[in-house]
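Knowing the structure of chain A, use the given hints to seat chain B on it.
Each protein sequence line maps, in turn, to chains A and B. Under this note's numbering, read the first sequence as residues 1 to 468, first letter to last. Under this note's numbering, read the second sequence as residues 1 to 194, first letter to last.
Incorrect hints may appear among the rest.
[Said to hold, decoys possible] The calculated DMTMM-like cross-link candidates involving lysine to aspartate or glutamate, where the alpha carbons are at most 25 Å apart (straight line), are: (1) A/K171 - A/E401; (2) A/K169 - B/E102; (3) A/K169 - A/E401; (4) A/K169 - B/D150; (5) A/K9 - B/E187.
If you're looking for bench data, these hints aren't it; they were derived computationally from the structure.
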Amino acid sequence: MGAQSLFEKVWNDHIVAAETSETPAVLYIDLHLTHEVTSPEAFNVLAARGLAVRRPDLTLATLDHSTPTVPVKTLKELDLLVESSAATQIRVMIENCAKLGIRLLGFDSDQRGIVHVIGPELGITQPGKTIVCGDSHTSTHGAFGALAFGIGTTEVAHVLASQCLLQRKPKTLAVNVQGRLQPGVTAKDVILAIIGRIGVGGGTGHVIEYRGSAISALSMDERMTVCNMSIEAGARAGMIAPDDTTIQYLSGRPLAPQGRDWESAVRRWRALPCDAGARFDREVDVDASVLAPMVTFGTNPGMVVPIDQPVPAGETASFAKSLAYMGVEAGKPMLGRPVDVVFIGSCTNSRLSDLRDAAQVFRGRKVSAGVRALVVPGSQAIKKQAEAEGLDQVFMAAGAEWRESGCSMCLGMNGDTVGRGQLCVSTSNRNFEGRQGVGARTVLASPLTAAASAVAGRVADPRQYLRG
Amino acid sequence: MEKITAITSRTVVLPSTDTDTDQIVPARFLTTTTRKGLGKALFADWRFDRSGAPVADFPLNRPSAQGCSVLVAGSNFGCGSSREHAPWALLDFGIRAVVSTEIADIFRGNSLKNGLVPVIVDKATHGWLLENPGVEVTVDVSARQLRLPDGRAVEFPLDSFSRYCLLNGVDQLGYLLSRSDAIADFERNRAWQP
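Here chain A stands alone, though its shape is the one from the complex (with noise of 0.2 Å):
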């Protein structure tokens, strides 16, 4: 076999049955990650058709999606806290669950959270893996050189009855981001960039790699930050190849190997990345260096401009009703528009880094008055961590709301939501029309950005924020 690509490598070690020209590809999957949301109707197949789950040892599930970021104390209460239908939803994968064997970390589990971050947490996504779950930021586990990808819910149930997975080869994209970033300029602003650079579509039918320097010395939260939003330029998965750093972050987790497991795995993990002369399908070149903090400015992620830049013309009818949407002009900066909501948390920006980088914003000052800010840790272990460092505190003295892990008002099904015409910065992935909520407007943004707007009551360059 020629010079081979990471990708290739992964998805050449897990092909049950190969590709042919009448049929695709049986992909083997190592790690089926589950939900509440796009469960319910693989279980109701499953159960039609008297199915057992192949492999309930190489599936975790948890409740993020329409789960309260209140304390649940007990299930009882569940009506009480979000909508009856989201609480026969959590009940049913509880259910689901028990039934099937399935290990579920729920409201009793400390190990609870947002289900792209507690894989990693937990040190069960790891190079080489193939990972899936019934959720499009799964890219998120590509930081660590697994194969992740989202997939629908009539997968879900393919996967829970066959562990496997029916799949054309797709395409690869090497993204390549050289130099070193600007202070105030986050691993949210370089995946903002890349998406404005090649267009929400931009990575349909392709797999992304991202190399170079800017993306090796990004730590593991940096790099699940990039992956995660691969989806938002149409590339099902993002991979970035294992180093010393994901070793590192790996090392001692509770579910990662262990003894002379972890050795046989780190030398496996060290073969994986990309062969010299490994070709791409295709190759785009980023000048970290260059970047500012970005802010979209539209109703999808593509739609970005440096914060310091204004909103560009469009020509399409498109373009025109997303601003309309906004209320933005075209010329007009985005800076300084007057803010209602500040979001930090999301699979995307809800890590401990990231509630760091808020924090040293938030420090010794205030939320504006009138500005709500909500502060949602990815999991309940980020939430314990971020409250033994005083994070908590510091949020909360300056006014921002401090919560239970879960996906929160990254897509409002939990009650967590932004009111009509209200504009939110948010450090979550998507600023589609009534996303944080119907008639809702979303500035996507890096958490300093976030934090800084939140202080300012609008929209605000982090910059001139950061101290020392």
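Frame of chain A; chain B shown alone:
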């Protein structure tokens, strides 16, 4: 799954580009435990105003859209979330094929597994369809062709396996389960265990 050979229908045209699955089915309708009855949630925030009344000039609300089962949509239709509720809602509403220049990957895969036919055409054909809403077209799954009223037949990509599954109403889970021995062999013989 129902067998699909060809779909003949007038088109309904939704020209917006990058229509994401949050528009197709807003997240607040996802607190359900079944795929049934999602047609009422289809494009809920575009179809209905804040009082819940239908928006008269929204394409799917126009009288001419009655009975149309082919949706012509702007490019990159179905981007965003993996929610299969999107094709479920379209099918429940009566849409059986989506025509665009580009259809997002996960949405496309979900559609094929439910008998909603994704039809990707060239820009010129697409442009003509956008400008001529309501024309009668045939989506011929067997021939992998979109046939237009002027007699033109435009080829669209559909891999052999998906075509076979649509034509024969084959459910792919059955196919996967028929490979159980190969899956067990793979599990036994692989170089490492997850």
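Hints and how they fare:
1. In summary, the hint linking A/K171 to A/E401 is not supported, as the alpha carbons are separated by about 43 Å, beyond the 25 Å threshold.
2. At most 25 Å may separate the alpha-carbon atoms for a hinted pair to count; A/K169 and B/E102 meet this at roughly 18 Å.
3. Among the hinted pairs, A/K169 with A/E401 is inconsistent with the structure: their alpha-carbon atoms are about 45 Å apart, more than 25 Å.
4. For the hint linking A/K169 to B/D150, the alpha-carbon distance of about 37 Å lies beyond 25 Å, and the restraint is violated.
5. With a CA separation close to 18 Å, the supplied pair A/K9 and B/E187 stays within the 25 Å bound.
Against the hints set out earlier in the document, violations occur for numbers 1, 3, 4.
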